[in-house]
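**Q** Start from the sequences, fold in the hints, and give me the full structure.
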Amino acid sequence: MQLLEVRGLEKRYPTFTLDRVSFSLEPGYIMGFIGRNGAGKTTTMKAMLNLIHRDGGQVFIDGRSFFDHERECKGQIGFVMGEFDCYKNATLKRITEVTRRFYPGWDQGVYEGYLRRFALEEEKKVKALSAGMRVKYALALALSHNARLLVLDEPTSGLDPVSRDDLLDVFRTIIEDGTRSILFSTHIISDLEKCADYITYIKGGRILSSTDVLSFRESYRLVSGSREHLEMRRPKLIGCKEHAFGFTGLIRAQDEAAFAACRIAPADLESIMIYTEQEDGHEESSL
Amino acid sequence: MKSLLYKEYKLCLVPMVPLFYLFALMLLIPSYPYQVAAFFTCNSIFYLLKQASLNGDTLYSAMLPVSKAEVVKARVRFVVIIQMIMFLLLIPMILLNHRLFPGGNPAGVDGSVTLLAFVLVVFTVFNAVCLPGFYREEAKIDRLFLFSVIGVFGWIILSEGFMIAAGAARDLAPFFAWVESHLDCYPATDGAWGAQLAALAVGALVYGAGTGLTARRAADIFQRVDL
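Chains as they are written, first to last, in this note's numbering: chain W, 67 to 353; chain F, 613 to 839.
Do not rely on the hints blindly, as some may be mistaken.
To be verified - Derived coverage of chain F by chain W (criterion: at least 3 residues anywhere in the stretch with Cβ under 8 Å from a Cβ of chain W; other residues may be distant):
1) 615-622
2) 665-674
To be verified - A short, non-exhaustive set of chain W residues, derived as facing chain F with CB atoms under 8 Å:
3) K112
4) N116
5) I118
6) G141
7) C152
8) I161
Since the hints were derived computationally from the structure, they do not count as laboratory data.
Since this is a predicted model, take the numbers as computed values, not measurements.
Even glycine gets a Cβ: it sits at the ideal position worked out from N, Cα and C.
**A** Here is the structure:
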């Protein structure tokens, strides 16, 4: 059974539409949720959790409709939206004392372990924490109640590289037992390369792809060649950057034969994202 | 619900709430529109809402394993608790007021059971204006408070004015004489007790039904709000 299933989620704003977003995640995996700023990542996550009013669609947590069993489903989810930005004059101790009462599965030992791991001091007030430490506190709260699903909106933003790496280790440890999963959005693609099993890519409010990382990468190729190569093949390029000596671009794997005369290389996640976002208009760059 | 109320107490309560209970002492002023004391409790609730908004309390609460409707219900219950504490504090103040000023209050309704009924209406008006609006757009809490001040003082001026007018016109019509002798006095006779307890029952009904409807309306609004 899927731990998370999003079916046809819709949200209409005057200038933006979340268009029938669907994807699913099995227990025991990490899914990276990627897309440009304003693509709909946060809107999707908030709509999933009823923080914004959806115009259509369903969300199932472990087979149960989220909107019919909101309280039970929320109890199984740890949600982090960037840094903890509430009650700036309250101490972490006070906030935790309140928060843990809501979670029957709260594990104080695990929480204290994360405090030590993240070097958080409970007596400090929220306003005394740096942005990175606030993210860590939000994560400590989300990770300490035995949530089966972690929904994390840019959890690594604001963290230094060492903390990010440590956090990615935490993520891998969390899913080790095969019962829990993590959905996290990020702009730091290298984080996904390190730990994501699945990728869901959203563009302009629509899901472009939701598949395992290997298949996702395998479905694209990076090509580079001269300007002569480019002219004949431009329609098959998803996106490209032209320079004085030729071009570099992204193609679909099935179009590889058409670029036999060019240099072809496996595509990395960052390149796929960068070139896909150019799909509506190729970008010129000059040396 | 208990956990949400605990959250309200530990993370949302502002010092103005207990501090503004001191305005119950206004009943020791010899001549004053005593309902204003209740307004200060509303004022402290405004500070609570304002601080909750600045603290990101709504988003924090909505992310907890509770429904959005429960978040609103808990907040309304907390507001009711704050108001009921003021209501209870006014009772000994009314007894003291009667001891100190047995001649009554020339500036409006006497310190009496009727005053308690009027205070419940003050709370009802404040809740009806401020709470649903807060959940529609909490950033506009200042404007909502202004509207609630207009509503609350509209009621205070109307009700206190009526009592003053009834006192002045008691010789002109039996109805005004009845109001003056039964509602606008500390209950010294059986008839006054009955009339004033009936007024309190009406006030309680208005408060219960009004605040109940307010809670439902606020919850409906909050369901549709995008956080």
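**Q** Please go over all the hints and tell whether each is borne out by the structure.
**A** The hints, checked one at a time:
1. Three residues within the 8 Å Cβ limit are the bar, and the segment 615-622 of chain F against chain W gives 4, so the coverage statement holds.
2. Interface restraint, the segment 665-674 of chain F with chain W: holds (6 residues with C-beta to C-beta distance below 8 Å; minimum three).
3. Here the hint on W/K112 is kept, as its CB sits about 7 Å from the closest CB of chain F, short of 8 Å.
4. Residue-level restraint check for W/N116 holds (minimum Cβ-Cβ distance to chain F is 7 Å; threshold 8 Å).
5. The criterion of a C-beta within 8 Å of any C-beta in chain F is met by W/I118, whose closest approach is roughly 4 Å, and the hint holds.
6. At its closest, the beta carbon of W/G141 sits 4 Å from a beta carbon of chain F; the interface hint therefore holds under the 8 Å criterion.
7. With 8 Å as the threshold, the beta carbon of W/C152 comes within range of chain F, its nearest partner Cβ sitting at about 4 Å, so the hint holds.
8. At a threshold of 8 Å, the smallest CB-CB gap from W/I161 to chain F is about 7 Å, leaving the interface hint in force.
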